[in-house]
Amino acid sequence: MAPHLQLLGRRQCCLCDEAKLVLEQLAKKGLCTWESVDVDRDKALLVRYGMDVPVVLLDGRPVAKHRIDAQAIAYLLQARDGQP
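For the sequence shown, the residue numbers in numbering that gives the first Met the number 0 are 0 to 83.
Hints may be right or wrong, so weigh each one.
30 Å max Cα-Cα, derived BS3-like pairs, lysine-lysine [claimed, not checked]:
| # | residue 1 | residue 2 |
| --- | --- | --- |
| 1 | Lys19 | Lys42 |
| 2 | Lys19 | Lys64 |
| 3 | Lys64 | Lys28 |
| 4 | Lys64 | Lys27 |
| 5 | Lys42 | Lys64 |
Hints listed in this document are in silico derivations from the structure and should not be mistaken for laboratory results. Please read all numbers here as calculations on a predicted model, not as lab measurements.
All chains, full assembly: derive it from the sequences and hints.
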């Protein structure tokens, strides 16, 4: 089963839109599944991350933020699954 990522972001956020495209590409390759979470709809997330979005979480831990690098995330996902 592919790892599941959460993308913390908000509406009207250019970097969040770019991050969504990156995660869509990775999901199409079968490297992950993902969901988008709007920090403005969750008070705890809003307090924790504020304007510091987008943030990608893997197993509940932040693994990337702001400009999301597709190659770096792919490497992380493959390393997690023991792939070269």
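Consistency of the hints with the structure:
Only pairs whose Cα atoms come within 30 Å are accepted, and Lys19 paired with Lys42 is accepted, the gap being roughly 22 Å. For the proposed pair Lys19 and Lys64, the alpha carbon gap of about 12 Å is at most 30 Å, so the pair holds. With a C-alpha separation of about 21 Å, the suggested pairing of Lys64 with Lys28 holds against the 30 Å cut-off. The straight-line distance between the Cα atoms of Lys64 and Lys27 is roughly 21 Å, inside the 30 Å bound, and the hint therefore holds.
This hinted pair checks out: Lys42 and Lys64 have alpha carbons roughly 19 Å apart, not beyond 30 Å.
Checked against the numbered hints listed earlier, the structure breaks none of them; every hint is satisfied.
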